[in-house]
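J.: Got chain G sorted already, so can you dock chain H onto it with the hints?
2 protein chains.
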Amino acid sequence: MKSPKNDLIGKTFEALFTLEDIRELIRQSLPGGLSAEEEISFKQKTSRLRDIVESLEAGGAGNNQALPSVVDGIGLRFREEGYINIQPIQAAGRLTPEARKALISYGDGYSTCDTCRKPFRLDKISRPPIADFHDELAEFVNMDVARVVPGARRAFQAVTSSLVEKGDSVIVSALAHYTEFLSVEAAGGLIREVSLDENNLVTADAVAEKIEAVTRETDRTPKLVFIDHFDYQFANEHDVEGIAKVAHQYDIPLLYNGAYTVGIKPVDGKKIGADFVVGSGHKSMASAAPSGVLATTDEYADLIFRTTQMTGDVTGKKFGIKEVEMMGCTLMGGTLLSMMASFPHVKKRTKNWDEEVKKSNYFLKEFLKIEGNEIVSEYPRKHTLTKVDTSGTFDKVAKNNKRRGYFLSDEMSKRGIVGMFSGATRQWKLNTYGLSWEKIHFLSDAFKEVAEKYELNVN
Amino acid sequence: MKSPKNDLIGKTFEALFTLEDIRELIRQSLPGGLSAEEEISFKQKTSRLRDIVESLEAGGAGNNQALPSVVDGIGLRFREEGYINIQPIQAAGRLTPEARKALISYGDGYSTCDTCRKPFRLDKISRPPIADFHDELAEFVNMDVARVVPGARRAFQAVTSSLVEKGDSVIVSALAHYTEFLSVEAAGGLIREVSLDENNLVTADAVAEKIEAVTRETDRTPKLVFIDHFDYQFANEHDVEGIAKVAHQYDIPLLYNGAYTVGIKPVDGKKIGADFVVGSGHKSMASAAPSGVLATTDEYADLIFRTTQMTGDVTGKKFGIKEVEMMGCTLMGGTLLSMMASFPHVKKRTKNWDEEVKKSNYFLKEFLKIEGNEIVSEYPRKHTLTKVDTSGTFDKVAKNNKRRGYFLSDEMSKRGIVGMFSGATRQWKLNTYGLSWEKIHFLSDAFKEVAEKYELNVN
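Chains as they are written, first to last, in this note's numbering: chain G, 5 to 463; chain H, 5 to 463.
Chain G on its own, in the form it takes in the complex:
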């Protein structure tokens, strides 16, 4: 793929990479400064850097050079620089510049641990301010306690591993994410799905019925209810508050899966009635992967974040306050720092959620002007992730195109838009999260242009 911004992009990355080479030279040198030999190498590199920067100032020199590789065999990734990216799961995970700076400075593995002191646990470290960040995270989702975890899935695992015994049932929605299945399977539990209503929604009534049915069938109350506030398939909004009430009527705790909410829209765990709030750093908190958050109430904190009780039979050793389900410390280094650096921006952006939804609906209104296009998700949208159906439009074009379904992603990428599932022309997903109004207009126009090119009716 080639972007019209290739020159700028290429020079920007070249400069960044050259600076990393310079940085390496500094790292290799003695504390007193560069040696004469290192000085020579330094001069060569800074002089090269100056050339690159001059060329960048001149707009990349317009000479359309090949983009630099990261290393041999690993090409440059520049989707966010060169294109409008509507990939369904990448949108709200893309890093802020602050997170990228944190990754640069704190990339080394154990960078978080420079000032780790007793009691030697990640969430107690005060420089960088990791302890404060944990408090703020809990507050952010209005729960009592929070921990960072290597992905939302590891939060699910910690909860199921604590609550679910072999043979116990766990209630999930018929739209459950596969990681919910796996976390129940790993604990030896059984998945019981709640059916959807005619609008592809999970209702509180349906959850109640399922709890009753499972209890009758197994003679035991299910141990946990998982609910995705917005599911990953349609990003429809499900009645989390109603479902929490129902779960609690049966004394079952509720895990609120906020992989598609925490970090992009306000989430109030207490108001929802959630016992666990799970979020994904790399999906919705502008953070490096793998990252996520597990928050809970004081009621459940002692169980989920229980500390080790194991004692060595020979040494009598006990490992203090390390938490079993967390496997001790969880997110070291740049991954955590990227979460922390993005956090002020993330907190702020959740307040703009209505505007994000508005842009999503604006785009879809334009998209529907292509006669035959359909929205599979609930509409008007309450989210920026949407499943659309173009069976009546682009899929028909695909049937007579020598590139088949790929014609659409080809056409879009020629127009600077990526992130559609290549080859898909029937039902597919896109996400407009974080796109400016200018990009929303550009995106709308691009679809209509392609439709017109292939003689579809555009109203």
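A hint or two may mislead.
Copies of the same chain look alike in the list, so a pair counts if it works inside one copy or between any two.
[Claimed, not checked] Lysine to any residue pairs mimicking SDA-like chemistry, simulated, CA-CA at most 25 Å apart:
(1) Lys418 / Ala40
(2) Lys122 / Met424
(3) Lys170 / Asp306
(4) Lys457 / Asn405
Bear in mind the hints are in silico, worked out from the structure with no lab data behind them.
Note that the structure is predicted; figures quoted are calculated from it, not measured.
T.: Frame of chain G; chain H shown alone:
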């Protein structure tokens, strides 16, 4: 702390951060290029960048400015640039320039997933070459199959969760890392420690005795033996081959914990007789955290990497070939790419292990010239991580110093050396891994200088 290289360091980071701001501008712009308004902002930033680069060329201008912050509240981390870092667990995790470039380009959360196709699993992705990397990883430790995991601890957890039932015993060394304890505790197992011999070593005989004792006591054979090739306390080398033989005599699988070997010295899992080889990316593979590797044999692969068998009771849904203990995909984004980008260098550096050990021993020989200094680890060293005892030297000085034990880390950091546990003057650990001979000499001299300053005898 101030480093004499502060000017260079400050300007290098300022340039990197300014480039991230420029990059952000490119990200925000439309695919066609910068708008007139963006162009103005671009010019301002590139002009600022040019100034920084010119100042860098001039050696940082010598004006000793304050170092830039990452963001408000998160200070710059520059220990590797400004100092010689002898922190025990950070040495072999520090990133290569290649890894840092990979983090820059692939930092966005789901950057690995751009070309994810059926069967939708991380280790099957071919661009970037993640699938090949998995094959190379298995080959690197001479095992049959490998997966990346978010830290060695998550590898332990996958193995105990697969093999250990409630009440089963697991044999570990009396020097076991706390994450081994936690992984057994999470699975509901019991820890049984093997005593050390008089040299702080775990012998094959001691393991055999412990297996016998536990079997007598519990009427069941232990389910797993963990052995750290080099333990985290002394980094003494334990007889992994002999212990593997013993474990196999009792039909117990062996988990080889290579957190302090995989990535720095050659590891041949088959020759050792390991059933599982675990490595840590951020500890020993020059990779971002959390990262690690779990490798196993064909015999155990089907169990440890078993795919989901769960079926939705309503939808009949099954989630293909997602692996239960991996929770599906494991290491997305820059974390994995940092491992991959460092890997060619990591493979190469394991061949220089003897030289690394030589430098470690050279330093310690000099260190022992301070009369009263002692080595607690086995000596001569077979590793670069060492526990030393300065009770007879620096600790005596500390008793009469108003900064108490902190005087030593103060004195060392004034000389450009960091990573000692602040305040520790009795037994403490250091790691010389990756230091050039120049740095080794510098380090040796610094300790002797401080000793002389405080009138200790130096031979």
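J.: Determine for every hint whether it applies to the structure shown.
T.: Consistency of the hints with the structure:
{"no.": "1", "hint": "Lys418 / Ala40", "verdict": "between (50 Å within a copy, 23 Å between copies)"}
{"no.": "2", "hint": "Lys122 / Met424", "verdict": "between (49 Å within a copy, 15 Å between copies)"}
{"no.": "3", "hint": "Lys170 / Asp306", "verdict": "both (21 Å within a copy, 21 Å between copies)"}
{"no.": "4", "hint": "Lys457 / Asn405", "verdict": "within (13 Å within a copy, 82 Å between copies)"}
Taken one by one, the earlier hints all hold for this structure without exception.
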